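Use the sequences and the hints to build the structure in full.
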Amino acid sequence: MKLSTQPYKGARDFYPEDKRLQKYMFNTMRKVVERYGYEEYDAPILEPIEMYLAKSGEEIVHEQTYVFEDRGGRAVTIRPEMTPTVSRMVAAKRQELPYPLRWYSIPNLWRYERPQRGRLREHWQLNVDVFGLADLRAEAEVIQAADAILKAFGATHDMYSIKLNSRKLMDYILHGYLGLNETQGHMVAKLIDRMHKMPAETFAAEADAIFTPTQRDEGASNKLLGLLKIKQIEHLPTAIREHESIAELQKLLATLKEARISNAVFDITLMRGFDYYTDIVFEVFDKHPENNRSMFGGGRYDGLVGLFGVDPVPTVGFGMGDVTLQNFLEGHDLLPKLRPEADVYVVLIGDVYEQAQKVITELRDMGANVAVDYSDRKPDKQIKAAVKKGIHYAMFIGAKEIKDEQYEIRNLITGVEERHSTSRIVSIIKDYRDEDLE
RNA sequence: GCGGAUGUAGCUCAGUUGGUUAGAGCGCUGGAUUGUGGCUCCGGAGGCCGUGGGUUCAAAUCCCAUCAUUCGCCCCA
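When we follow our numbering, the leftmost residue of the first sequence carries the number 624, and every step to the right adds one.
Be aware that one or more of the hints could be misleading.
Only pairs whose alpha carbons sit at most 30 Å apart, straight line, appear in this in silico DSBU-like list of lysine-lysine [unchecked claim]:
1. 880 - 854
2. 1012 - 1023
3. 774 - 716
4. 774 - 874
5. 981 - 1004
6. 910 - 874
7. 1053 - 1004
8. 981 - 1026
9. 960 - 654
10. 1023 - 646
11. 642 - 1004
12. 1007 - 646
13. 880 - 654
14. 654 - 642
15. 1011 - 981
Cβ-Cβ distance ranges computed for the label pairs, FRET-style [unchecked claim]:
16. 809 - 719: 33 to 39 Å
17. 647 - 870: 39 to 45 Å
18. 627 - 1004: 30 to 36 Å
19. 711 - 740: 30 to 36 Å
20. 960 - 673: 42 to 48 Å
21. 957 - 696: 45 to 51 Å
These are computed hints drawn from the structure, not numbers from a lab.
All of these numbers come straight from a predicted model, not from anything done at the bench.
Virtual Cβ for every residue (Gly too), placed ideally from N, Cα, C.
Shown next, in the form of structure tokens:
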């Protein structure tokens, strides 16, 4: 039987060029969040299944999680998200950690589902969380960090928008204002979550079906439809505007505006799927016409740490997936041309392998990344290999060069060729390497 | 889990109403050119036509199944 060369369904192979891109994305994320003072942590990819039974809807456990039995008969899952894990870690050291905590991680996560654009079975996700701050300043900070990451990739505010809403507000609207019971509220919330994927009439009909005849007679259904059309906080009915969550949303929007985040907007239709959010939620949307979709989001989830039997710790965080981020960067043409690791490709001419060792070692000792072609092929073949690898410089070492201690170095982009000493060559290489690091 | 589309060379794809030995471009490789890439010219390798069954004198082509890829739904980071 012939073995397949395809990677497992929904998972990706990272060839060097792919890995280079991933390194670029992760490094950029790390650089930004560390600038905000976040510390990196990590944890096992396996967790006991109980971790996911306690929270966040059953769907994810029963249908979208990798579950298997270990040799000891324990049910084990491959983590589908990092939030429960990090909550567990915080709970374990609840009393000894220096709050507020600023933690981040870039875990590998798995979900058992049908792969499609922007959604694979395996992905990596930057998780950024603040623990121990029951204040909007935490929300403001993580949103700023998220915004700063996108800017670090070269994105501008016209490319995405940041939508904000409040779970507390929605709870009040659904139950207090519209008078729905818990089940109805849940159904309406799920429906609102899908609102933009269906025609307005379908939405209205499905919403209507959730209300009781009495509620419909009282106009609750029409009230809901009216509310969902409102784009500005100021246009909400007075009764709603007086709710405490409104002042918080306004305050957060004002803070973000001060921080020069001009593309943050209130969006009453923003729900987000997880049930564990307790207050502010936010989501970043790609505004590219062909990829108009949610990229990533987060919010406040004050209840998770407490599930581990310790006093609750207020928490705000977000998760940014690598697949959707990459789609975003590609769509807006923000991916840079990444350079290979090697600075220079050494072309050996003639039988100089032994004598060239000294020079090559010298280059490496001075900090150059040097790949050497040991194939004994003719120079043109060796040069072609260097070009194909995308290496910027080719260096020629032959009998003549070794004798003179002057080596030919060619810029493979411009074709310009010069003869220099090793130290001069290394400084040329380093100048080029630093060029793009502004 | 449900529905649609697509599987032919490493890649992108042709392939007539079913009819001999399955094609092109790019790429790969050797040479022209034994110390120098990109252009040009000449040669070469590379295919179980996704896989398994069926119909037929005859299948890349028609039918069924299956697997994979992909788009959407469900769900959701």
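>> To test your reading of the hints: which numbers does this structure violate?
In response: Numbers 3, 10, in rising order.
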